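Chains as they are written, first to last, in full-length UniProt numbering: chain A, 1 to 733; chain S, 1 to 342.
I should point out that these hints are in silico values taken from the structure, not numbers from a laboratory.
No incorrect hints appear here.
Which residues of chain A face chain S? A partial, calculated answer using Cβ under 8 Å:
hint, residue
1, S143
2, K147
3, D612
4, S614
5, T621
6, G623
7, A624
8, I633
No experiment lies behind these values; they were computed from the predicted model shown.
Here a beta-carbon is modelled for each residue, glycine too, at the ideal position from N, C-alpha and C.
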Amino acid sequence: MKAHGLGHKASASWLLLLSVAVFLLPWYKVPPDGISALWESAFFHAMAGRLWLLPVIVLPIVLLVVWQQRSALKRQIMTLLLLAFGLLSLLLQVSLIGLNGPLFTSVAGLFPGASTGQTGLGWGGFLTAIALLGLLANELADSGFCKGDRFAAAAVVFVVALLGLFVFFPIIKLATTAFTNPEGGLALQAFGARLIAPELWRLNCISSEGGSCGVVINSVVLGIMSATLSTLLGLALAMLVARTGFRFTKTLRAISILPIITPPFVVGVALIVLFGRSGLVTGWGAELFGVTPSRWLYGLPGILMAQTLAFTPVTFLVLLGTLEAINPSLEEASHTLGAGPLRTFQSITLPLLRPGLAAAFLLAFIESLADFGNPLVLGGGYEVLSTKIFFAVVGARYDLGNAATLSIILLALTLGAFWIQARWLGKKSYVTVTGKSDAGLAAPLPKPLQAVSYSIVGLFVLFTLAVYAIVLLGGFVNDIGRWDLTPTLRHLGTAFSVEMGGNGIEFYGSAWSSLKTTLLVSALAAPLTTAIGIITAWLIARQNFAGKRQFEFGTMLSFAIPGTVVGVSYVAAFNVPPVDITGTMVILVICFMFRNMPVGMRAGIAALSQIDRSMEEASQTLGAGGFTTLRRIVLPLVKPAMFTAMVYSFVTAMTAVSAVIFLVSARHNMATAYIMGRVENGEYALAITYSAVLMLVMIAAIVIFSALIGKRRLGRRVPDNAKPQLSEAVSVN
Amino acid sequence: MADIAIEFIDVVKKYNDVTAVDQINLSIRRGELVTFLGPSGCGKTTSLRLVAGLELPTAGQMLIHGRDVSRRPASERNVGMVFQSYALFPHMSVLDNVAYGPVIRGESKHKAHARALEILELLGLPNLSRRLPSELSGGQQQRVAVARAIAQQPEVMLFDEPLSNVDAKLRRKVRAEIRELQQRFGLTAIYVTHDQEEALAVSDRIVVMNAGRIAQIGTPEDLYDRPNSPFVADFIGDANLVDGKVAAGCFSAGNLNLAIPGEAGNARVSIRPERIVLGGSAKPGSISGEIVSATYLGSRMEYVIATNFTELLVSRPIAEPRLGLKQHVSLVINEKDLTRVS
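Next up, chain A with everything else stripped away, as it sits in the complex (with noise of 0.2 Å):
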């Protein structure tokens, strides 16, 4: 019985380690009541009086006596039930005792002598729950979960086990701190009135006594001005690339690549160099015409520019997709039909194009919600939510409570979004070819619209340029805010000095240690992104398991929040034990697999949906099980999905900042929270500096990455729309 044999073999190594980590590991990260010992394992703290560890103790003893049960049936049905039991006592001991006791009064009698308290779970605590969730998968495998293969049973175990810790439970925990007091007690209360605080809703701004609105109404204003401006401009620049013959498409296409490498900051410093009270722009205009330099680039203004800067790119890619997709000969049946050019435009080509409006502008909508950056940098007295999550947790007057609340509501207003997006556009859908289309020319755009298009365009790359000229020109002038352009590398020195000591080289710059950190961060998330969305892309795209609908929901949920909002609820979740990893490098890293993940992921699935299933069949009945056939036929055919996820999460994790800001620290700082700090103290030249050196060294890292991954086609096998591109990874930040 080979195949019998098998199974045991891989049981018994995670009853090894499920052992180990009972009997030998350290259960606590920071044992709670200072003994020391030489292994302070489970078993130690549960003859010390910790009785609640005794069922993850004796778990393996019991599991070794029920596998000498001859019956199959009876020996998977009794596993399956003490599993079961090991794992739930585990998730109910390590939710229900705290630091100090039991976390209600109610449930004291059931763990005795728990008032002791217990701390942060380490090893020997997360190996113990993984070692219970690998026998899991094992015993599911063998009674026919993901058709008896080991490998996808655990990969859906797994990820599961993680989209639940690192996904659902923060937000869980969000929810559960803006409904309750610091002491744990319900204040539904307290939440109410901070649901209805007037400065979440007043309307003060429209009213006659003038003033400032809620932050609700203004983070809504800002998200409608700027999808519709993007949506817009987006569209100006899809005609003109899809319908004239303008000869800058490539320049466009590497232009709408920019927001994806610049870090957050940049684009409302460059602004505020250009037209803040002391700008270039603003000084030209005092001196030509006797404007009165002003602040009003401090508000709805400046961020309203820097964000259709920002998210006109995506709108250009949703809109050009669309554009596309329309059947030339639609318009042509419509010139035969006796329609003029502007008359077709209106009555054909502009409805057609109507979902590709809707998701374009809902996308800019969701983004402009989530943006931390651009509000901050150039908010003024202009509050929205994001920015007032921040202050809620990091300002003076810290309060998780208030956090949470807004956080609420502002995950509730993106997810509303992303359930309209979902719900109305994946209904009308005007896609009306099926198989090829090889006939007519698209119709070129009118006249009038052409010279339209045409000044918008213009006026969006002067823009852009002019930004961008100020990134790469202000580091290495001496000041570019006075437009004094001596060349220095004074401010390279400020943050990158190197300067040969004793010790061999030192770095003396202030920068060196956050551009270390973001590097080391960046480096470690992108392959471990990219394995978790690949092997999810797989699992949903291969596997068919009871609640893949479901999984399918948690995975595209990771993707509808916030950055803010992820960032708060990973402090409220983990702050306090068991999972106590605030402060260390492990969380900034978690955080930007699961924020970034669904990249990958997407990527994947395009990917694989051009394989022949068979293919991975055929390494099956050839004796492979699910990781070598991942490993020797999936992976060397889905590459490109592999390079986008790859150079997406590391881009991704050096410019991010809405999530991270929350989680970092004095010893791991990043590189945009340091730019902030200096943005804040108008070292505007230094933030700038430093910009320019990661968006240089996020060019290296892609060029590097292409290197590595390599670009071997495939034959014929792989089709043009699984190359990698970049573009196509923009998402909600």
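Given the structure of chain A, go ahead and fit chain S onto it with the hints provided.
Chain S only, in chain A's frame:
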């Protein structure tokens, strides 16, 4: 029983509410080539995948050489499968493709390559070993797929519509090769096809499937000459299905009266078109009819003839004198060519 290679015991496969395979019982002997034949959606491919382990049964047991593999994945069975699309790994050379199975099962790379070369030689492909699959013709790809499946010395060979991507002209040759190979290696094989002619040509036994169930099992002759149901009669070859009544050991429909065993009552019989003899003038025991259509098919003539009970399809060798439209003919049907199907 030692000589049973594969056994389906009450095997059921459901996808949500759809029952793809509905309580199948079947034993396949060692060294036998059995074909699963049926229209699309009849459950034949699902049955094959159940043997491979690419699907696990919802209920019932699957035994391979006496071992219950019902819950074991494909990688833990030893089956060689030739896929409809061949499923050659595009990023590996032909040699690496064929050596994949042995390497995965733990042989050294050197040994696996030697073995792969040996098999490629047997199949007449030794000089292609360094090519990529994309550089091969369809027929060559098919042979490499077979070589890859054989290389791991499988307990069972499975063929999933292996000829559907082969040029119509080549099919006869390739199917003969598969049959020859199967007999040379003494392989137990299951062959899935929807083409009844292919099934008749390669099989020791044929399993005709319909709507997830087995309609009939038998040798090609059994199925052609003695179909047990209208479905099988109609699916294998052409058949005239005639409704009538049986009384006192005699089947009658219109003025057709022929002796037939079996109980009395309503009955349906199958008559193969080529078994009906056409005579110029009325003979005793014959029935008369009028030619409604006459089609020239190169090797034979096909007539549709209206009788006073039904229209009959008749197929005659081209050498016989041609008959024209509207012509009145007499048809002779022998008792032995009548098969009662319901």
